[in-house]
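Input sequences plus hints: build the corresponding full structure.
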Amino acid sequence: MLLLTGCSQIAAIAPVGGNRTSEVRYAALDILVRDEVDVLAAPICAMADDRTVTCTGTTLDSGAIDVVSKAEDEANLTVTVGGSVLYSGSIQEVLESALEPRP
Amino acid sequence: MPGLSRRQFLLAASAAAAAAAVPFEVVATASAAPSVPLSDAPSTLLQTILQGRTVSGQYRTLVAGPGEGYLPRIDLLGRAPEAARTAARRSLLYIGHLSDMHVIDAQSPGRIEPMIVQDHSAWGSAFHPHDPLSLHVTSSTVQSFSALRYSPLTGAPMGAAIVTGDSADMHSHKELRWYIDMLDGVTVDPAVGIGRTFNGVQGWAEAVWAYRPGNPSGGSFGDYGFPKLPTLLDDSVARPVESPGMPAPWYAVYGNHDTLLLGTFDLSSQMHALAVGGQKSYSLDGTASTILGGYAATTSALGRATDAAGVALGRPGFRSVPSDPDRYLFAQAEFMAEHFNTESAPGPVGHGFTRKNLQSGETWWKADLTPFIRAFGLDTCNQVAGPDGAVPAAQFRWLEQELERAQSENRLVLIFSHHNSLTLENRAQRPGDAEKLYGAEEFVDLLLRFPAVVGWMNGHTHLNQILAHGTAGSGFWEITTASCIDFPQQQQVVEIIDNRDGTLSLFTTVVDHAAPVSPGSGATTLDLASQSREFALNDWAESPVMRRGSPFDRNTELLLKAPFDLSRISDAAVESEHIAARARVLAHERGLKS
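Protein sequences appear in the order of chains A and B.
Under our numbering, the first sequence has 62 at position 62, and the numbering climbs by one with no breaks.
Under our numbering, the second sequence has 1451 at position 451, and the numbering climbs by one with no breaks.
The reader is advised that the hints may include incorrect statements.
[Claimed, not checked] With the Cβ distance kept under 8 Å, some of the chain B side facing chain A (calculated, not the full set):
no. : residue
1   : 1448
2   : 1546
3   : 1548
[Stated by the list, open to error] Computed beta-carbon distance windows for the label pairs:
no. : chain 1 : residue 1 : chain 2 : residue 2 : range
4   : A       : 38        : B       : 1088      : 22 to 28 Å
5   : B       : 1206      : A       : 38        : 56 to 62 Å
6   : B       : 1007      : A       : 100       : 37 to 43 Å
7   : B       : 1524      : A       : 100       : 24 to 30 Å
8   : A       : 47        : B       : 1384      : 24 to 30 Å
[To be verified] Covered stretches of chain B, going by a simulated chain A footprint (3 or more residues, C-beta under 8 Å):
no. : stretch
9   : 1068 to 1077
10  : 1454 to 1465
Hints listed in this document are in silico derivations from the structure and should not be mistaken for laboratory results.
In this text, all values refer to a predicted model and were calculated from it rather than measured experimentally.
Glycine residues also receive a C-beta, built at the ideal position from the N, C-alpha and C atoms.
Below, the structure written as structure tokens:
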């Protein structure tokens, strides 16, 4: 019983584990840099109770930056700028690519 | 705005030379020369460290990548900045920012590494494959700050440094001492009291769950492809670890690891006894029953006595190790008190904490880093349980009053804390506690009321992240730096620049520790630090790929509207501060040569 009580606190140790909101934000920003989007306000992200992450920002020419990573598809995100989809695909692939030397 | 007259210059140089114990002519000559950016200063402006090829299983090495320039961020300015600002700007303060060093005594019985067997991802902070190398990474980090003692942007001397918590990993006095000594430039010998043979889980065949460099096979780390390095553990304790010390006065605040066990749990009587004992657990059963049993036992004297007897006699799943009384778990106030056991240079004695703090028990402070920049060091840690934090009402009210004063006195304000705006929602309290704990939204709203606040620097989440708070035309920047324990093991320097056009820029530059990209075979401090960084890249439980952040979170120019007419800060005052800082850096350099 003691063991179970203690281990119920495991979730509280997680902040240095994965962080879904940050991962989505980083991947979205990596995409914006990759595509040389002039950003006025970097996307601000929030996670809903169902773990859907959405982010909104603004381009220098007042275009909307919208990012979504849906709860039912946590591994992927879609980055839209001014109504055009810049990227739709794997979050991990974006993060891995940003950490690797460019050919 | 006129600068110093010749007479004022000589007076300032004389005072700075006397304060830093450096010959007057050395200070005067160096200060008379124009500040020039150090184009070869070792920062990520020149070189980055990226993921290399897979060499065994999933195990990857690191490779050097190109430098990364500054990315201007105009979220709070609301418009493109004036191009002419680069010709007119002046440096108001250049500071180092360290966070989450997590100095680890890996041989200590007061660790709970086997908990990763229960759930590796959740308990990942209890064990890292590079735990025995944290002292070497700390030394390597301090070496980087020493090398960056002049700004890579303007050449301004470093004026101060801040450590935003989680310095001692497992609440051990020995770890606390090691961290202070490394920043002070005092050599640390990890073998003192326990010998030069490594005694810890990574050297024991029974701990199949751990990365065992002598024979990694049979466990998940071996399966992943971690290398066989038979001498690594003994190398980690083979010789004293030297440090150049910080080149500028350094300040500190509490982190959750400086407050609770593993930053999360109250300190049980069992853990107090284990830490200074001679029995170390290598099994989940042993650790779980000891730690969690200790929780229950803390409520009764009989329980505490029984626990202590169990620790002394040994239990299944434990092995004998040399005991060391210096590993005792420090009390909350001792963290502050230990910062008075320090070298006079780089100082300051207390590192932000004052005698008043020791008397009152208040764990937060203020300090004028220059006559025109005031810092507030907060304690956002929860005293009861859980890694995240909040701002207690007493501290909130104190800060509110102090910000009103700073605003009226035309001071620029920097806020230092461990927790960031995404981790300020822990309102755990003991029964009967009634003090309100303020969360992130209320805290950010407080800071937004005072335009004098230009930056909030913090850590905790072991990643680089920069957030804008406010709207176009007003607000402040929140700068979160990574850690020395998880990949990418990066810290940063920050420079506050007056653009002389009604705007300020905060330049952030990410700093890799000084170790080479690839570890050599010499088992030097830097070789071992390099090995640590490579292990951290492969420590999959800690999500290493994401922690470097995006370019918006690394080398940046963060623009904002100046909160008051900055011409009130005279060039003469700025020059005087630079002379004083340069004298301290010159004293640091003389120490490097001796």
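Results for each hint:
1. Below 8 Å, beta-carbon pairs count as interface contacts, and residue 1448 (chain B) has none with chain A, the closest being about 15 Å; its hint is therefore violated.
2. Because the beta carbon of residue 1546 (chain B) sits about 5 Å from the nearest beta carbon in chain A, less than 8 Å, this interface hint is met.
3. About 7 Å separates the beta-carbon of residue 1548 (chain B) from the nearest beta-carbon of chain A, less than 8 Å, and the hint is met.
4. The hinted range of 22 to 28 Å is satisfied by residue 38 (chain A) and residue 1088 (chain B), whose Cβ atoms lie roughly 24 Å apart.
5. At roughly 58 Å, the beta carbons of residue 1206 (chain B) and residue 38 (chain A) sit within the given window of 56 to 62 Å.
6. Checking the proposed 37 to 43 Å range against residue 1007 (chain B) and residue 100 (chain A) shows it is violated: the Cβ atoms sit about 58 Å from each other.
7. Remark: the range hint 24 to 30 Å for residue 1524 (chain B) to residue 100 (chain A) is upheld by a beta-carbon distance near 28 Å.
8. For the hinted restraint 24 to 30 Å between residue 47 (chain A) and residue 1384 (chain B), the CB-CB distance of approximately 26 Å keeps it satisfied.
9. Judged by the Cβ-Cβ criterion of 8 Å, the stretch 1068 to 1077 of chain B is covered by chain A as claimed, because 4 of its residues qualify and three suffice.
10. With 5 residues carrying a beta carbon less than 8 Å from a beta carbon of chain A, the stretch 1454 to 1465 of chain B meets the three-residue requirement, and the given coverage holds.
In this structure, the hints that do not hold are numbers 1 and 6, in rising order.
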